[in-house]
Every structure is written in C-alpha cells, then in structure tokens.
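Residue numbers (the working numbering), protein chains in the order written: chain A, 735 to 917; chain P, 735 to 917.
I should point out that these hints are in silico values taken from the structure, not numbers from a laboratory.
Using N, Cα and C, we set each Cβ at its ideal position, and we do this for glycine too.
A couple of the hints might just be wrong.
Claimed, not checked - The calculated DSS-like cross-link candidates involving lysine-lysine, where the alpha carbons are at most 30 Å apart (straight line), are:
#1 LYS870/A to LYS896/A
#2 LYS894/P to LYS869/P
#3 LYS843/A to LYS894/P
#4 LYS834/A to LYS813/P
Claimed, not checked - Coverage of chain P stretches by chain A, computed from C-beta distances (three or more under 8 Å per stretch; other residues unrestricted):
#5 803-811
#6 837-844
#7 899-913
Protein chains: 2
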Amino acid sequence: MTAITAVAISAVVVTESAAQVRKAEQPQAGTAAASTNAAPVFGIKIFPGWRDWRLVSVAHEAGELNDIRAILGNDVAIKAYREGTLPFPDGAIIARVSWKYVSSEENDKAFGRQQSFVAGDAPVWYLQFMVKDSKKYAETGGWGFAQFDKDGNPSADAAKLKTCFPCHEPAQSRDFVFTRYTP
Amino acid sequence: MTAITAVAISAVVVTESAAQVRKAEQPQAGTAAASTNAAPVFGIKIFPGWRDWRLVSVAHEAGELNDIRAILGNDVAIKAYREGTLPFPDGAIIARVSWKYVSSEENDKAFGRQQSFVAGDAPVWYLQFMVKDSKKYAETGGWGFAQFDKDGNPSADAAKLKTCFPCHEPAQSRDFVFTRYTP
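With the rest of the complex left out, here is chain A:
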C-alpha cells in the first residue's frame, strides 16, 4: 500500500504542473504580457490543445535527459507523416512532451520482475515545438523551434534556441525531423 500511495502523490504533482501549463495556454491581457510567453528567436507560444494531438511516436532518452517522451503532431503534421509528404507543408506542428523516466514498483510487482519504466513528473524542459512556416523561418529550414518548462514558461535562452536547427541538419533528408511515424 505504501508504494501505491507514493505514486499517487507523484501523480498529483504532475497534474498541478499540467494545470500551470494549461493556464499558460490562456490568452494574455496585453501584448507585453503575451510576448513574455513566447520563446525568443522564433516567437512561438504554447499551442492550445496540443495535448489532444495524435501520436507520432515515442522514445526514451537516457543520459542527462533521462526522460521518456511522446512526439505528437497537429492534423497537418499527422497527414503529412501518414502520406509521406516531404517537405512538411506550412502549418505542420510537431510537439515533443517528456516526463522523468521512473521505475514503477507497482508494475514490476504485477510482472513479477524489475522491468517497468513509466512517465513520472514533468522535467525542467517539459514541452518543445517545431513549427513549419517556410517563409517566416526560411533561414532555419522552414522550421521554428521553441521549448517551455513545466510551468509553461518559454526558454529565454536565445543562443540555445539557435542551436536547434544546426542539430537537426543531419535529418535534412526528412525535412529536418528526426522522429519517424510509427504506425
């Protein structure tokens, strides 16, 4: 029972973080306030309803990130993925949401061995977006990049955001998108 209670508490923490992110999705009063919620360089805000987008695929990043993540796409992105359309059309948006990679004692008991790793609390950099606009973001392959913390605040590190595109260049043959759609 102790283990179950501990995990339940953990789930509540995650819910609160998400509530804060959802709060950040609300329209802000005044342009100045709104601009503080946009990531620098690319001017991207959190897209309302992103958590309802369809699944592209999943991944685990070990090492310092130590997260488990889902890649979601808006309707334009999912259609392009499924039809193999390259480059992605303007309007395509791909979201990367990640959670801390945690062992599940409860699941392990059910499986009878230590094997189960699940999504825990939100990590510092909870949410990222790639936004396709071939004119607006012509200098970075037609993609704008943004990341937001677990409280919905955008990364203010312009220099870091400028490293997104060079890092994605090895995936040029797939329009700079690493993640493949897994049916």
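Here the structure of chain A is known, so what remains is to put chain P in place on it, guided by the hints.
Structure of chain P alone, referenced to chain A:
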C-alpha cells in the same frame, strides 16, 4: 548513410505491418469470418480509428518484452482520466500499442552520446485493448481484454486471456487500470 538507409528499411516494414492491421479493421464478409478476428473469451475486435485516439501515457517494458509503448484512450476514457472519474464509465476503451525498443544510431550522433532509444518494428503482440462494459464483463471487474498481433490477428489463447484480469487486480483502487494519465 548506411545507418540511415537501414532505419528507413525498418520503417517500411512497420508500415506494412500497420497496413495489415488496418486491413483487419475492415468489416468482414460473413459472421464466421468476422468471428475469427475477435479475441476469444471477450469477443473483442480491433477498434477502427484507435491509432487516432489521444495519449494517456508512455512506458518502457524491459526484460523479455523489451518494448516501448503508448497507452491511448478513446474519448470516453480520456474524459474519465482527466476528470478523475472512477470507475471508468461503460464505453471507455484503453489501447496499448507497443514497438520493439531499439537504439537510434542517428539520434545518438545528434546528441553526441549513446542515449537514444526509439520505437522500431511491431513486436509479436502489437496491440491490446481493455474495454469497459460493466454488465457484459461483470465477472472481470467490468473489463474485457484482447490482444492482437502485428498482422491484426487476435490472440486465440483463451487460457492466457483469462490471466489478464487477475494480473490487473492489484490496481483495483484505480478500477484495475495500471497506467496513470500523464498531463
């Protein structure tokens, strides 16, 4: 280039498997043919459109399964999850889709270290469902269980499917559902 080509071939294989699963979603001519596509014990078929359902959470099962998986919910299930409704109402369906857990050489190069694990080909037991019908499945906590292989064929192992519910009993406090919704 060699590594990228190899992964691309792998992606094609997954696509073919999914096509077969989608084929299995089509209505069958004749009751006898249709019944062969339903899992025994609970009589559940693959639900059309399940791949469009919204994300509940993600997980990695190591050990013999060695998969990475997504848990998806239909509208009734997602609403119940988000509102904390327990037990889940009739009509709730939860899907578990899994893929082989594979190292991504391409991603590792981008990150500059060996850390990235992604979704590969479909494993043998690609797709599972939990279907809530408190009357029809009263003897198993109101849930029916089914699993389908990568070609869309249901598990024909009635004895094995009868082990689903006992295994889920430790999660009774959450209506026998292990996976928590991660916002």
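Here's how the hints hold up against the structure:
Under the criterion of a C-alpha separation no larger than 30 Å, the hint pairing LYS870/A with LYS896/A is consistent with the structure, at around 15 Å. Distance restraint check for LYS894/P and LYS869/P: the Cα-Cα separation of roughly 22 Å lies within the 30 Å cut-off, and the hinted pair is therefore satisfied. For a cut-off of 30 Å, the pair hint linking LYS843/A to LYS894/P stands: about 19 Å separates their Cα positions. Pair hint LYS834/A plus LYS813/P holds up; C-alpha atoms about 24 Å apart against a cutoff of 30 Å.
Only residues whose C-beta sits within less than 8 Å of a C-beta in chain A count toward coverage, and the stretch 803-811 of chain P has 3 of them, enough to reach three; the restraint holds. Only residues whose C-beta sits within less than 8 Å of a C-beta in chain A count toward coverage, and the stretch 837-844 of chain P has 5 of them, enough to reach three; the restraint holds. Taking a C-beta to C-beta cut-off of 8 Å, the stretch 899-913 of chain P contributes 7 residues in contact with chain A, enough for the three needed, and the coverage statement holds.
Checked against the numbered hints given earlier, this structure breaks none of them.
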